[in-house]
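If you're matching them up, the sequences are chains A and B in order.
Quick note on numbering: the first sequence equals residues 1 to 292 in our numbering.
Quick note on numbering: the second sequence equals residues 1 to 292 in our numbering.
Read the hints as simulated data drawn from the structure, not as lab findings.
The beta-carbon is built from N, C-alpha and C at its ideal position, and this holds for glycine as well.
It is possible that some hints are incorrect.
Stated by the list, open to error - A short list of chain A residues far from chain B (calculated; beta carbon distances all over 12 Å):
| hint | residue |
| --- | --- |
| 1 | Ala36 |
| 2 | Leu42 |
| 3 | Ala230 |
Unchecked claim - Below are the EDC-like pairs computed for lysine to aspartate or glutamate, each with C-alpha atoms no more than 16 Å apart in a straight line:
| hint | chain 1 | residue 1 | chain 2 | residue 2 |
| --- | --- | --- | --- | --- |
| 4 | B | Lys157 | A | Asp205 |
| 5 | B | Lys253 | A | Glu288 |
| 6 | A | Lys157 | B | Asp205 |
| 7 | B | Lys74 | B | Glu105 |
| 8 | A | Lys236 | A | Glu276 |
Protein chains: 2
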Amino acid sequence: MQPRLAFIGLGIMGHSMAGRLLAARYPLTVHTRTKARADDLLSDGAIWADSPGHAAREAQFVFVCVPDTPDVQKVVLGDDGVLKAISAGQLVIDHSTISPAATRELAAAVAQRGGQFLDAPVSGGETGARNATLSIMVGGEAAAFNTALPLLQKMGKTITHCGPSGAGQLTKLVNQILVSVTNLAVSEALVFARANGLDDQKTLDAVSGGAAASWQLSNLGPRMLKGDFAPGFMIKLQQKDLRLALAAAEEQKLHLRATGLVHELFDRAMKEGRNEQGTQALFEVCREALQR
Amino acid sequence: MQPRLAFIGLGIMGHSMAGRLLAARYPLTVHTRTKARADDLLSDGAIWADSPGHAAREAQFVFVCVPDTPDVQKVVLGDDGVLKAISAGQLVIDHSTISPAATRELAAAVAQRGGQFLDAPVSGGETGARNATLSIMVGGEAAAFNTALPLLQKMGKTITHCGPSGAGQLTKLVNQILVSVTNLAVSEALVFARANGLDDQKTLDAVSGGAAASWQLSNLGPRMLKGDFAPGFMIKLQQKDLRLALAAAEEQKLHLRATGLVHELFDRAMKEGRNEQGTQALFEVCREALQR
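Use the sequences and the hints to build the structure in full.
Dropping the structure here:
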C-alpha cells in the first residue's frame, strides 16, 4: 500500500509538484492558503485539510512549499501547525528556499517529536516542476534522504544529497549566487555592446560558443536584447534568495561583493516597479545604473 | 598561384596560427622579436624578414599578432613598419586584442596608403590556435572580410563579421567582460560553498546542470577546488583585456561596475605575484578579499 502524503503550499511550484505525486497514485492530503488553488487536485482525488496540522496528522510524508522563512515557520511551528500533529516516524520535506540557520532549528524541533526533517529546495522553475525535471538539493540525514528518494524522483531529475541539515538550502544559495552574478555578466556585457553600436545577433553568435558561454547568456541574452521581460523567474523571488545568501554569508564573516552588487541593482529594479518582471530585466537596470 | 602572406608576431598564439597557414601551403614570410621562435617555421619553408616592413613588402596579406596596443602601433606605424612598406591592394589583418579606438586610427592610416585593415581578435586559446578552432571576431569592410575569409578559415571555426573597423575588438571585449564576470560568479559562489563546509563535488554536481551552468563553472570550477592554478589563460593577459574594456566603456560614459570589481581583484592577484597563474586563481583572491 502506498503511504499517505500531505502537501502544504500550492503555489506555482507546489501545485505542479503535488500534481506529480497525485499522478503517481499516492493518497494525498493538501492544504494551502487559498482553497481554490486546490480545486483540480481535489477533483483528481486529493483530500482537503483545513490546516497544516490536519494535513500532516495521517501522512507519513509531509511536503511543504511556501515562499519564505516565516511562512515555513508558521506552517511547522504555528498553532495549527505540522509540529503538534506529527509523531515518531513521520518525515517533513521542505521544498521552500529559506534560511539555512532557520532550517536547522526546524529540523531540531521536528527531531524532538521523533520525526525527521529534510530541506529540499528545488531549481528548474515552473517548467521543471510540470515536467518533473527539477534539480532537488537535499540536506538532512542519509537514512531520511533514502526513504524520501523514491518520492523525490517523481518530481525531479537531478537529486543530490548535499550533506546534513541546511546543506540543501546552502547549495541552493550557491546556485542563486551563480545564477545572479552570471546574469550580471550578461547584462553588463550587452549594455557595453549596445552602447558601442554592435549588432545584437552577430554579437551573440560570436561569443556564445566559447569560454563566455552560459545558460544565462543563451537563455536570457536574446530576451534582454528583444526587450522581453516576461518572467521566467521573477526579480522579487530572486531578490529574496539573494537576501538569504547575503545573510548566510555574513554568518561566515563573508562579504559577497558581486552578489551584493546584483542585490543593489535589483533593489533599484523593484523601486522602478519591476518586481514581477523576469530577472533578465537586470539588463534594463544596468543600462541606466551604469551611466556616468 | 597562392598569394604570399606575412605573419608578424610569433608568440604562443601567432606561432600556431602562422603554422596553420604554412601547412595550408601558402608562401609565408615571418618576423618576430626573437628569431629563434621562427626556427621550425623556417625549416618548414617560411622566409625570414628582418623587420615588419620587410615582411610586409611582398605580401598580399599581412597578419599581425602581438601583445598590446603600443606593439601593434610600432609594427604598423614604426620606422621599419608595415605602413611604409605597403601599397594599394594589400590587406593588414590584426589578430591582437587592442584598443578599438586605436584600431580605427590604424585602419584609417592603412586606408590612406590604399591598403585595407581588418581587426580580427581571436578567442579559444592555445588549443584553439593549434587545432584551428578559434573564434575570430572581425571588424572592417565587408569586401575585405570576404577576401580574407578563406585564410581565416585555415585558423578558426566561428568567424563572424561583426561590423565596421573596431567592431571585432569591441566584440572581443564583450567576450572578455562575459568571461571575467562569470569567473567572478563561480569564484564567489565556491568561496561561499567552502566557507559553509559544503562538499566540493556534490555542490558542483547539484548546480552544474541548470540555470547556473557556464563554461567557466564546468572548466574552472573543478580546478579552483583542486587548487590547480596552472594557466589556461593568464591573469596578466586577462587584466590587459579588462583595462581595454574599461577604457572603451569610459568613452561611452559607461561605468562597468562588475568588470571593474574583477579588475580590482586581479590587481590584488598581481600584487600577490599571481600574474602568470590562470584566471581561476580569482577563487583564491576572493577567499581572502571577501573576508570581513
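What's the verdict on Lys236 of chain A and Glu276 of chain A, does the C-alpha distance respect the 16 Å limit or exceed it? Holds, at roughly 6 Å.
Check whether the Cα positions of Lys253 of chain B and Glu288 of chain A lie no farther apart than 16 Å. 11 Å, holds
Assess, step by step, whether the Cα of Lys157 of chain B is no farther than 16 Å from the Cα of Asp205 of chain A, and give holds or violated. Holds. Lys157 of chain B to Asp205 of chain A sits at ~12 Å (cutoff 16 Å).
Using Cβ atoms and 12 Å as the threshold, tell me whether Leu42 of chain A really stays out of contact range of chain B. Its Cβ never comes within 12 Å of chain B, the nearest being 32 Å, so this holds.
CA of Lys157 of chain A to CA of Asp205 of chain B, is that 16 Å or under? This hinted pair holds, its Cα atoms lying about 12 Å apart.
Regarding the pair Lys74 of chain B and Glu105 of chain B, is the alpha-carbon distance no greater than 16 Å? OK: Lys74 of chain B and Glu105 of chain B at ~13 Å, within 16 Å.
Could you check that no beta carbon of chain B comes within 12 Å of the beta carbon of Ala230 of chain A? Holds: least Cβ distance 16 Å, greater than 12 Å.
Could you let me know if the closest chain B CB is still more than 12 Å away from the CB of Ala36 of chain A? 30 Å, holds
In this structure, none of the earlier numbered hints is contradicted; all agree with it.
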